[in-house]
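Colleague: Chain order of the listed sequences is A and B.
Counting in our numbering, the first sequence runs without a single skipped number right up to 378 at its last residue.
Counting in our numbering, the second sequence runs without a single skipped number right up to 334 at its last residue.
A few of these clues could be false.
[What the hints assert, rightly or not] Derived SDA-like pairs: lysine to any residue, alpha-carbon spacing no greater than 25 Å straight-line:
(1) B/Lys245 / B/Lys268
(2) B/Lys110 / A/Ser303
(3) A/Lys234 / B/Lys110
(4) A/Lys206 / B/Arg82
(5) B/Lys110 / A/Glu128
(6) A/Lys24 / B/Met103
(7) A/Lys24 / B/Lys245
Since the hints were derived computationally from the structure, they do not count as laboratory data.
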Amino acid sequence: MKFDIMRDRLLAGLNDVMKAVSSKTTIPILTGIKIDVTHEGLHLTGSDADITIQTFIPVEENGEQLINVSATGSIVLQARMFNEIVRKLPTNDVEIEVSAGFATNIRSGKSEFHLIGLDASEYPLLPEVAADRQFSMPADLLKSVIRETVFAVATSESRPVLTGVNWKILDNELICVATDSHRLARRKIQLEQLPAEINSVVIPGKSLNELNKILEDTTDLVQIALTNYHVLFKTDDVLFFSRLLEGNYPDTSRLIPEEYKTNVTINGKALLQAIDRASLLAREDRNNVVRFETLENNTVEISSNSPEIGKVEEQISVENLEGEALKISFSAKYMMEALRAIDGQDVIIQFTGTMRPFILRSIHDDAILQLILPVRTY
Amino acid sequence: MAHNMNELETLQPVVIKQIQTIYEKNRMVHAYIFDGEKGSGKKAVMQFFVKLLLCENVSNNVPCETCRNCLRVDSGNHPNIRQIEPDGQFIKVDQVRELISEMTMTAVEKGRKIYVLHHADKLNVASANTLLKFLEEPDGDVIAILLTEQIQSMLPTIRSRCQHIKFSQIPRQVIMQQLVEQGITQSMAATVSMVANEIETALFLAKADLFAHARKTVLKLIEAVRKNVHEAMLIVHEEWLPSFKEKSEMEQALDLLLFAYRDIVALKANMESACTYPDMLQTFKEIALHTTYEQLSNQMQAILQARQQLQRNMNRTLLMEQLMLNLQEGYTFV
Numbered sequence: 001m002k003f004d005i006m007r008d009r010l011l012a013g014l015n016d017v018m019k020a021v022s023s024k025t026t027i028p029i030l031t032g033i034k035i036d037v038t039h040e041g042l043h044l045t046g047s048d049a050d051i052t053i054q055t056f057i058p059v060e061e062n063g064e065q066l067i068n069v070s071a072t073g074s075i076v077l078q079a080r081m082f083n084e085i086v087r088k089l090p091t092n093d094v095e096i097e098v099s100a101g102f103a104t105n106i107r108s109g110k111s112e113f114h115l116i117g118l119d120a121s122e123y124p125l126l127p128e129v130a131a132d133r134q135f136s137m138p139a140d141l142l143k144s145v146i147r148e149t150v151f152a153v154a155t156s157e158s159r160p161v162l163t164g165v166n167w168k169i170l171d172n173e174l175i176c177v178a179t180d181s182h183r184l185a186r187r188k189i190q191l192e193q194l195p196a197e198i199n200s201v202v203i204p205g206k207s208l209n210e211l212n213k214i215l216e217d218t219t220d221l222v223q224i225a226l227t228n229y230h231v232l233f234k235t236d237d238v239l240f241f242s243r244l245l246e247g248n249y250p251d252t253s254r255l256i257p258e259e260y261k262t263n264v265t266i267n268g269k270a271l272l273q274a275i276d277r278a279s280l281l282a283r284e285d286r287n288n289v290v291r292f293e294t295l296e297n298n299t300v301e302i303s304s305n306s307p308e309i310g311k312v313e314e315q316i317s318v319e320n321l322e323g324e325a326l327k328i329s330f331s332a333k334y335m336m337e338a339l340r341a342i343d344g345q346d347v348i349i350q351f352t353g354t355m356r357p358f359i360l361r362s363i364h365d366d367a368i369l370q371l372i373l374p375v376r377t378y
Numbered sequence: 001m002a003h004n005m006n007e008l009e010t011l012q013p014v015v016i017k018q019i020q021t022i023y024e025k026n027r028m029v030h031a032y033i034f035d036g037e038k039g040s041g042k043k044a045v046m047q048f049f050v051k052l053l054l055c056e057n058v059s060n061n062v063p064c065e066t067c068r069n070c071l072r073v074d075s076g077n078h079p080n081i082r083q084i085e086p087d088g089q090f091i092k093v094d095q096v097r098e099l100i101s102e103m104t105m106t107a108v109e110k111g112r113k114i115y116v117l118h119h120a121d122k123l124n125v126a127s128a129n130t131l132l133k134f135l136e137e138p139d140g141d142v143i144a145i146l147l148t149e150q151i152q153s154m155l156p157t158i159r160s161r162c163q164h165i166k167f168s169q170i171p172r173q174v175i176m177q178q179l180v181e182q183g184i185t186q187s188m189a190a191t192v193s194m195v196a197n198e199i200e201t202a203l204f205l206a207k208a209d210l211f212a213h214a215r216k217t218v219l220k221l222i223e224a225v226r227k228n229v230h231e232a233m234l235i236v237h238e239e240w241l242p243s244f245k246e247k248s249e250m251e252q253a254l255d256l257l258l259f260a261y262r263d264i265v266a267l268k269a270n271m272e273s274a275c276t277y278p279d280m281l282q283t284f285k286e287i288a289l290h291t292t293y294e295q296l297s298n299q300m301q302a303i304l305q306a307r308q309q310l311q312r313n314m315n316r317t318l319l320m321e322q323l324m325l326n327l328q329e330g331y332t333f334v
C-alpha cells in the first residue's frame with residue numbers, strides 16, 4: 001500500500017474519526033485507526049466498539065487531486081500517535097507507505113517516521129446496511145430531536161434499556177421516546193418515505209450525544225439507516241454507526257393521560273425563570289421539589305419551602321386557566337429540563353390530579369410532549 | 001497459551017468431550033462455570049470453547065484456527081468478547097456495571113456475545129449481586145464463562161445460575177513421580193504436589209529455598225503447638241512472622257499448616273499413602289493418637305478462618321496469635 005495525500009485533508013478526516021477512539025478500550029486493535037486505500041479514495045475508521053465513525057476522502061474533488069494512489073491496501077495505525085505525527089509534519093504533502101510486516105513509513109519533506117502498524121484484518125467489520133431501510137432528515141432537525149429527547153434517558157444501569165432513546169415508526173411518523181421512569185420526553189416527526197418494516201429500535205443516549213457533537217447545524221440531509229443491530233447516520237463524507245440496546249422498550253403510549261381536568265396555558269420562559277428562582281431554595285433540600293398552585297384570576301403560585309433555609313413564593317399570571325383548582329409538587333430539575341426542550345413561547349400544561357402525571361406541550365401541536373410524575377409532599 | 005487440540009484432549013479429555021457435545025447438540029446455556037485447580041487448563045479450554053462458538057467453519061466440532069474469528073480470539077481483538085480480570089483484590093462493582101452496559105448493547109459483529117470473568121471467586125458481594133440479574137436473564141444472545149479455582153467461595157446464588165463444568169485434577173501421583181524423576185526428594189515431592197497442581201510450578205517450588213524454609217517453619221510450629229502455647233507464640237514471633245512478610249507467603253504457609261492437620265486426620269483414619277509430609281509420619285501419628293476428630297476439625301476450622309481473615313487484611317500478628325490460641329483449644333481437655 002502506498003499513497004500521497006494532502007496533509008490538511010488527512011488531518012480534517014482524522015479529526016472526525018478520533019472522536020470515536022477511546023483511550024480506555026479493552027480491545028487492543030481499537031486503539032488504532034483503520035486506513036483503507038482504494039482507487040476511489042481513502043477511508044478512515046475509528047471506533048470504541050459502541051460507536052464507529054468513518055470518513056471518506058476522495059481521490060479527486062472539484063478537479064483538484066487530493067490523493068495519489070500508487071498501491072491499494074489497508075493498515076491499522078495507533079490513533080493518538082498517528083494523529084500527533086500528521087499534525088506536526090513539516091509540509092503539506094504526506095506520503096504513506098506500508099511495507100512487509102505492517103511496517104509503515106510516513107514521509108513529509110525531509111522528515112520520515114517509521115511506525116509499527118497492526119493487521120487490518122483484525123479490525124471489526126462494519127455492518128452492512130440495506131438500502132431499503134433508509135430515510136433522511138435535515139441535520140438541524142435531527143439535532144433538535146436529539147436535544148429534545150436525550151436529556152430524559154435514565155442514567156442508572158438498573159434497567160439498561162432505559163438508557164436509550166426509543167425510535168419507532170408508526171403511520172409515516174417517527175416517534176422518539178426517552179424516559180427514566182420519572183419523566184418522559186416524546187417527539188413526533190412527520191417524514192416522507194419512511195421504511196415500513198422497522199418497528200422499533202433503542203439507540204443509546206450516549207451515542208446520540210456524540211452524534212449531536214459531530215453534526216453541524218445545517219439543513220443538509222442526513223441519511224439514517226436502521227438495522228436490527230445497528231443504526232447508521234450518514235452525511236456527505238462522514239458515516240456514524242452506533243450499536244443498539246437490546247431488550248424490549250416498555251410501551252409508553254398508555255402512560256400519557258387521555259383526559260385532563262386542569263389546563264394551564266402559560267408563558268414558558270416566565271415559568272422557567274420562576275421555577276429556577278424557587279429551586280434556589282429547594283436545591284439545598286435533597287429532592288429539589290417545588291409546589292405549583294392555581295389561584296383565582298388567572299394566576300398560579302410557585303413556591304418552595306425548606307424548613308432550615310427559608311421559603312419562597314411567586315405569583316405568575318397565566319394566559320388561560322381552566323378546570324379544577326389544583327395543588328401539585330414536582331421536581332424543579334425535571335420541570336426546567338422539560339421547559340427548555342419545548343422551545344416555544346407559550347406552553348400548555350395539562351393536569352389530571354395531584355397524584356397523576358401531567359404533560360407539557362406547545363400550544364400548536366403535540367409534536368413535542370413532556371410528561372412528568374409529581375412528587376407526594378404531605 | 002498456545003495449546004493444540006491433542007494437548008487439550010490429554011489434559012482434560014472429559015471436559016473437551018462435554019463441550020463438544022454441548023456444541024454439537026446446540027444446547028448452549030447462558031452461563032458456565034469452569035471450575036478447576038490452577039494449571040488444569042481452564043484458560044486454554046475457555047479459548048477453545050469461545051473459538052468453537054465463533055468460528056466460521058467448524059469441522060468435526062473442532063474450530064479451524066485459521067479463520068478471521070479464530071485468529072482474533074487468539075489475539076484478543078474480537079469485539080464480541082469481553083474479558084474481566086480482578087482489579088486488585090476483587091472484581092469491583094464498577095467493572096461489572098460497565099460489563100453489563102456493554103453487554104446490553106447489540107453485538108458489534110454478527111454472532112453471539114461472550115463475556116469471561118477470570119477468577120470469578122473474586123467477585124465481591126456487591127459485584128456478584130449486581131451481576132446476578134443479568135447473569136440469569138441476559139438480553140440477546142449472550143454467553144457467560146466464569147473461571148474459578150475456588151467454586152465454594154462463590155455466592156450460591158451465582159453458582160445455581162450457571163452450568164457447572166468441573167475440570168479434573170492432574171493426578172497427584174503423576175506429579176510426584178515426575179518430581180522424583182527430576183531429583184526431588186520423596187518428602188519434598190509429596191509436599192509440593194499438594195500445593196501446586198502443575199509440574200512446572202511444582203518443580204519451581206521444590207527447588208526454591210524460600211519454600212523449603214516455609215515448610216520447615218510450619219513443621220516446627222506444629223510441634224510447638226503440641227507442647228504449649230508459649231512456645232508456639234515464641235515461634236510465631238521469632239520465625240513465622242519474619243519469614244512470611246508478603247501476603248502470598250503467609251497464605252501459602254497457612255495452606256501448608258492446613259495440609260499438616262489434614263495429614264493427621266488422614267493418619268487417624270489409617271490412610272498413610274496420601275501424606276503431605278511423609279517425613280513427619282511418627283510425630284503425626286502420635287498427635288493423631290492424642291486428639292479426637294472433633295478437636296482436629298475445630299483446629300482446621302481455625303486455620304481456614306485465619307486464612308479468610310488474612311484476605312480481609314487483619315493484623316498479621318494478632319491473626320497468628322489468635323490462631324495459636326485457637327489451635328491450643330483442641331488440647332485443653334487432654
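Colleague: Next, verify each hint and record whether it holds.
Modeller: Here is how each hint holds up against the structure:
A C-alpha spacing of about 33 Å is found between lysine 245 of chain B and lysine 268 of chain B, which places the hinted pair above 25 Å, so the restraint is violated. With a C-alpha separation of about 55 Å, the suggested pairing of lysine 110 of chain B with serine 303 of chain A is violated against the 25 Å cut-off. Under the criterion of a C-alpha separation no larger than 25 Å, the hint pairing lysine 234 of chain A with lysine 110 of chain B is consistent with the structure, at around 21 Å. Annotation: proposed proximity of lysine 206 of chain A to arginine 82 of chain B holds, straight-line Cα distance about 20 Å (limit 25 Å).
About 10 Å separates the Cα atoms of lysine 110 of chain B and glutamate 128 of chain A, which keeps this hinted pair within 25 Å; it holds. Among the hinted pairs, lysine 24 of chain A with methionine 103 of chain B is consistent with the structure: their alpha-carbon atoms are about 17 Å apart, no more than 25 Å. A C-alpha spacing of about 35 Å is found between lysine 24 of chain A and lysine 245 of chain B, which places the hinted pair above 25 Å, so the restraint is violated.
Hint compliance for this structure: hints 1, 2, 7 are broken, all remaining hints hold.
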